[in-house]
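**Q** Sequence:
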Amino acid sequence: GVEPLGEDFDPAAFHAGLKRRASPIKQVLLAGDVVVGVGNIYASEALFLAGIRPTLSSARISKPRAARLHAAVRDVLARAVEKGGSTLRDFSNAHGESGYFQLEAMVYDRAGEPCRVCATPIRMIRQGQRATYFCPHCQKP
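My numbering puts the first residue of the sequence shown at 1, with every later residue one more than the last.
The set of hints was computed from the structure by calculation and includes no laboratory data.
Among these hints, one or two may not hold up.
Stated by the list, open to error - The calculated lysine-lysine pairs, modelled on DSSO-like cross-linking and capped at a C-alpha distance of 27 Å, are: (1) 63 / 19; (2) 19 / 83; (3) 19 / 140.
Model the full assembly from the supplied sequences, consistent with the hints where possible.
**A** Dropping the structure here:
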């Protein structure tokens with residue numbers, strides 16, 4: 001896969017890569033063969049920003065939705081880098097400071113809490129041994 005913050009991360013190529021897979025879109029983002037470096041937190045957050053249900057088959061992603069997801073992946077990762085990464089128990093940057101991105105999470109680790117946009121309770125499901133968080137109202141299948 002390509003580096004999402006690099007110049008090679010092209011919306012058309014991203015869409016073509018998604019169309020070649022029939023797995024749930026979140027699994028495709030995590031797999032690393034279409035795009036690299038999109039971890040569990042960032043995948044959930046990018047899918048929320050793009051309004052895409054994480055269980056949707058990546059082969060069914062339309063060109064406009066792929067373009068929104070492309071922009072959301074870049075946005076989420078750029079903000080995470082700016083904030084110093086995600087706040088995980090063992091995370092610290094080169095200066096020994098913990099990251100702050102998770103404090104701003106829209107869906108990640110917020111199961112049962114109201115969506116920050118529509119107040120619908122955030123849901124958590126398991127996908128490939130990983131927790132996936134989404135808003136059933138804001139994220140369409």
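**Q** Tell me the numbers of any earlier hints that the structure contravenes, in ascending order.
**A** Hint check: 2 fails alone, others pass.
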